[in-house]
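Q: Protein chains in written order, with my numbering: chain B, 58 to 313; chain Z, 35 to 318.
Just to be clear, a hint being listed does not mean it is correct.
Said to hold, decoys possible - With a straight-line Cα cutoff of 27 Å, these simulated DSSO-like cross-link-like pairs (lysine-lysine) come out:
| id | chain 1 | residue 1 | chain 2 | residue 2 |
| --- | --- | --- | --- | --- |
| 1 | Z | 37 | B | 223 |
| 2 | B | 223 | Z | 164 |
| 3 | Z | 139 | B | 102 |
| 4 | Z | 267 | B | 223 |
| 5 | Z | 64 | B | 223 |
| 6 | Z | 126 | B | 223 |
| 7 | Z | 142 | Z | 102 |
| 8 | Z | 126 | Z | 64 |
Just so you know, the hints here were simulated from the structure itself, not pulled from any lab data.
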Amino acid sequence: MSRRWLYVAVEIAVPVAVFALIWVWSAGSDVYYYPPLEDVLTTFKDTWVFERFGSDVAPSMLRLFVGYFIAVGVGVGVGVALGLSPVLRRIAAPIVEFLRAIPAPALLPFALLVLGVGNSSKVFVIAFVCLWPILLNAIDGVSGVDPTLVDTGRVYRIPARDRLMKVVLPAAAPQIFAGMRTSLSLALILMVISEMVASSNGIGYFVLQSQRSFAIPEMWSGIILLGILGYLFNAVFLLLERRVLAWHRGARAGSE
Amino acid sequence: MLKVTNLRKVYGSGEGATEAIADLSFEVDKGEFVCIVGPSGAGKTTLLKTVSGLMAPTAGEIELAGQKVVGPPEQMALVFQDYSRSLYPWMKVGENVAFPLRRKKMSKAERKHVVEHAVESVGLAAAIDKYPWQLSGGMQQRVAIARGLAYQPEVLLMDEPFASVDAQTRADLEDLVLSVRHEYGVTVLFVTHDIDESVYMGDRVVILTARPARVQEVLAVNLPRPRDQVETKELPEFAHLRAHVYRAIKGGQAAGADSEGVAVDAGAATGADARRQDEAKLAG
């Protein structure tokens, strides 16, 4: 018990200490590229609460989530189909392996050309990158469902639809969620990259634009915002996963 | 009730083909408890998978109540050996038991009653809102049995259901199955590799040869019912029968020449004999 509290205390104390250290260390900084943390935070407040929230954060979030959810839909849908059919899996394997090997930023020029400089090209790149972890995990999860679970459903004449929705999908859910979590952090990365090329708003655009106009505290405030967003996304996702997959945690703990 | 005729099952084809079942024929009458016992790897699970319609036989036929089995029949339930892989961990006990009933034509209240009754009859009323993984292995297998019973099958197939629980729990579960099958009036085909269990549980014991499986012998078990873990196993007939099965399995075909003769009419018992004895028992 006391050991656990120690861990919790350390978990809180270390970030606070690091924060304090940077604060003190950068306080009197006159190095142009490393402004005092205090200045950065003041800029952060002036910029993001909520001056540029509507103009940059909102479009960024829109692109991120639309791209991400397209990837979830396609990834789970196609992944389940491929997971169920060994023949389809065979046929699709080389194509999937090739496509996912393409570094997505390389597709940006193409996307800009075909989809224009608006939201669609950014959404496309985000969705493209997020697709693979979800797709591959869904394929693995579905094809790896214990045959006894499926046989049980067949013996009790559970209709194919219910066998899919209430047996195969829940059984594959832990792995599908693992893929979705990986993709969520990829979505943030690709959002930034796509906004640094041919964009007129968004957090990524703001960071690059600040650097170009030598607004260094602004640049740092954007980077910090991205860090906070990534952290929050992951925390919210974990919370959700814990709720949806409570049985999985319990079952795993039970079998140990 | 259940009729298996010249069943044959070969896995794969060409050079790599393995014959799991060579030629099996036997019958199970309505209300009967038939045990299938055979050496490890004799193709017992293959047999149940074909009988339950999960797998198509290579040759031969399975008939349930006069109808050829081509897929899992409605009047049949199967309890798997590995409860941890056959219960759904994301469903509570009650939900697991209720899940196969979704397609049955019954009212909500009726379904609830059927589920509660089944869970109660395996002694798990208090655990109906727990998840399977919160229960011990023996309790989980009880849930699987309750699910089979709630489905109200005419034939209940059991595939080495107690192979992964400890000895004490095993004895409890054996007695549980014997009592609920009376309550539910269900015909049971019970596969096991445990010789004592097959004799203790069954009205008849079908002894298989080693792989590829054939019927080596069908043995009538005329031990009085209700059976009792202590009293039944104390009976000299029990000892003789189990010795007989043991020799048959260990000695392979040679066991047919078993000359001790004391094993009741075991050596001579055929399906027809056993049925007559059952009828006599029912009448008496």
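Q: Taking the earlier hints as the rules, which of them does this structure contradict?
A: Of the numbered hints, 1, 3, 4, 5, 7 and 8 do not hold.
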